[in-house]
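All chains should be built: construct the whole structure from the sequences, respecting the hints.
These protein sequence lines map, in sequence, to chains A and B. Position 265, counted from 1, in the first sequence is what our numbering calls 252; the numbers after and before it change by one each time, with no gaps. Just so we're on the same page, our numbering is the position in the second sequence counted from 1, plus 102.
In case anyone wonders, no lab produced these hints; they're calculated from the structure. One should not assume that every hint holds.
[What the hints assert, rightly or not] Simulated restraints on C-beta separations:
| # | chain 1 | residue 1 | chain 2 | residue 2 | range |
| --- | --- | --- | --- | --- | --- |
| 1 | A | V171 | B | R344 | 38 to 46 Å |
| 2 | B | P320 | A | K165 | 32 to 40 Å |
| 3 | B | G218 | A | E104 | 55 to 63 Å |
| 4 | B | S128 | A | D242 | 29 to 37 Å |
[Unchecked claim] Here are a few chain B residues that sit away from chain A, every Cβ distance over 12 Å (derived from the structure):
| # | residue |
| --- | --- |
| 5 | G192 |
| 6 | E193 |
| 7 | S261 |
[Stated by the list, open to error] Reference excerpt, derived from the structure (chain A facing chain B, CB under 10 Å, subset only):
| # | residue |
| --- | --- |
| 8 | G(-3) |
| 9 | V26 |
| 10 | S52 |
| 11 | N55 |
| 12 | Q57 |
| 13 | D61 |
| 14 | W218 |
| 15 | G235 |
| 16 | G243 |
| 17 | Y244 |
| 18 | G245 |
C-beta: ideal position from N, C-alpha, C; glycine also.
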Amino acid sequence: MESPVMLAAGILGTTGASLRRAARAGAGAVVTKSLGVEVREGHRGPTVVQVEGGLLNAMGLPNPSYRNFQEEIDIGRGGGSPVVASIFGADAEEFVEVATGLDADGFELNLSCPHAERFGAEIGCEACNVEAITRAVKRRVDVPVWVKLTPNVADVVALGLAAQRGGADGVVAINTLKAMAIDVESGRPILGNRFGGLSGPAIKPVAVRCVYDLASALDIPVIGVGGIATWQDAVEIMMAGARGVQVGTALGSGDGYGIFRSIAEGLSGYLERKGMALEELVGLARRVP
Amino acid sequence: MRPISARILEIVPETPTVRTLRFDHSLDPVPGQYLMVWVRGVDEVPMSISYRDGITVQLVGEATREIFDLEVGESLGLRGPLGNGFTLSGEKILLIGGGVGAAPLALLGEAAAEEGVEVSTLLGSRCCDEILFRERFERIGELVMTTDDGSQGICGRASAGLPALHLQEFDQIYLCGPEPMMADIIGRCPGMETKIQASIDRYFKCGMGICGSCCLDPSGIRVCIEGPVFRADQLVGTEFGRYKRGASGLKIERR
Chain A
-12 MESPVMLAAG
-2 ILGTTGASLR
8 RAARAGAGAV
18 VTKSLGVEVR
28 EGHRGPTVVQ
38 VEGGLLNAMG
48 LPNPSYRNFQ
58 EEIDIGRGGG
68 SPVVASIFGA
78 DAEEFVEVAT
88 GLDADGFELN
98 LSCPHAERFG
108 AEIGCEACNV
118 EAITRAVKRR
128 VDVPVWVKLT
138 PNVADVVALG
148 LAAQRGGADG
158 VVAINTLKAM
168 AIDVESGRPI
178 LGNRFGGLSG
188 PAIKPVAVRC
198 VYDLASALDI
208 PVIGVGGIAT
218 WQDAVEIMMA
228 GARGVQVGTA
238 LGSGDGYGIF
248 RSIAEGLSGY
258 LERKGMALEE
268 LVGLARRVP
Chain B
103 MRPISARILE
113 IVPETPTVRT
123 LRFDHSLDPV
133 PGQYLMVWVR
143 GVDEVPMSIS
153 YRDGITVQLV
163 GEATREIFDL
173 EVGESLGLRG
183 PLGNGFTLSG
193 EKILLIGGGV
203 GAAPLALLGE
213 AAAEEGVEVS
223 TLLGSRCCDE
233 ILFRERFERI
243 GELVMTTDDG
253 SQGICGRASA
263 GLPALHLQEF
273 DQIYLCGPEP
283 MMADIIGRCP
293 GMETKIQASI
303 DRYFKCGMGI
313 CGSCCLDPSG
323 IRVCIEGPVF
333 RADQLVGTEF
343 GRYKRGASGL
353 KIERR
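Right, dumping it as structure tokens:
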């Protein structure tokens, strides 16, 4: 990868055109919207609501099915960066069906979506499922496989270790935090799905801690995601142990797609100023006395 | 921001399938901007703004059915105004509206007339009962009407009204209506693309430029925050007029 700053899953990843645009804007890799076996329209709206410090969302895994997505991946590749397919399923069999049905440069297993019945975190909160699904996919594909973890558990490290035992090439942390917002006028939960996941600046300290813990315990790379919006955020989560970062919610504000370059340039400028190599930055916080 | 709760002060039946809701909040929109309208317990849908404090809704599906069942005193959740609206430019402008697409154009035309701009309107409707905002457009300038069945004005689609107007005389042309109509009109105005602005419609989920459901091929332009108003030259060569995507991301081809 030319840049360690990537497009996170679920953000601007529904079409090849938007993936390609992110890649051309400087994303080192782009991750698709999560793809499953069946066509899904997702939850009813509101699917996103702005709250203090970030966004709450419950999209409900809308996707056109992996069967209708290869063309989008191929278009996305035109941006010159690897296209990683985020995939989900109800069990190992479905994950394998989706993974073997797609030609992508890597897979990110969504074992962490907090708001879709039968999928994501509902299975990904159990270490035994994480290990089994990772192993099943790894056995059938020959591109890198990352596992995106849920922070909504007592011990995220146990999930990371399970992914590693299953043969994952890396883990991605974190998915959104389970959250909710209620309309005070009517008493109704605002999201169509009632519950959702919190992203954005509010969850960055949680992500930093999860990455720190995972990087301390795992031998495979950790990719940091959760509230990354500036180069300082990227430096911080890399100091916790992340080898790369993903950006999601921040694409909706400020300079939009320009964020990939601004983070990458800020990061290079920082490394230059400190006379450091990227490898020295990764996990620095764990090495300082 | 979270949705604000807007109480309905007035409901105006405009046509058999269209009604206007006026709220207790001024929305302070740029004409062409839109709202995400939350019908509590049902869905959240984008709606264009037709008055500083109101929206005009056509009955098309479940969410709009629920809106039609609301009464004065009840409320909706509103996010917005969102997106980029029309840019007013020139001394003499033409509005071309089809059906409920007349809604944001009426607001634009009134703002333009207030600034002394000469406004003409071409309004296409299915039949005489479905003509929207006839009085608002007549008040601000010349109005040419077409109806599909010939029950009022020129018989035919909106483009049938083009010969009645001298297109070259206008500094700027503003479009809002069904996509085939807008694509047809843009196609009939070769060389004028940079002076045409069109408000286009796509499936929106987030309304804040992150979910990606509304991105146009092949550029990946996000209609919800980079639009919904575009200059026609930004639309030429895109999926506009050919297909759009539904809630799952699957393409829906136009017939």
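Find the hints from earlier in the document that the structure breaks and name them by number, from lowest to highest. 12, 13, 14 and 18
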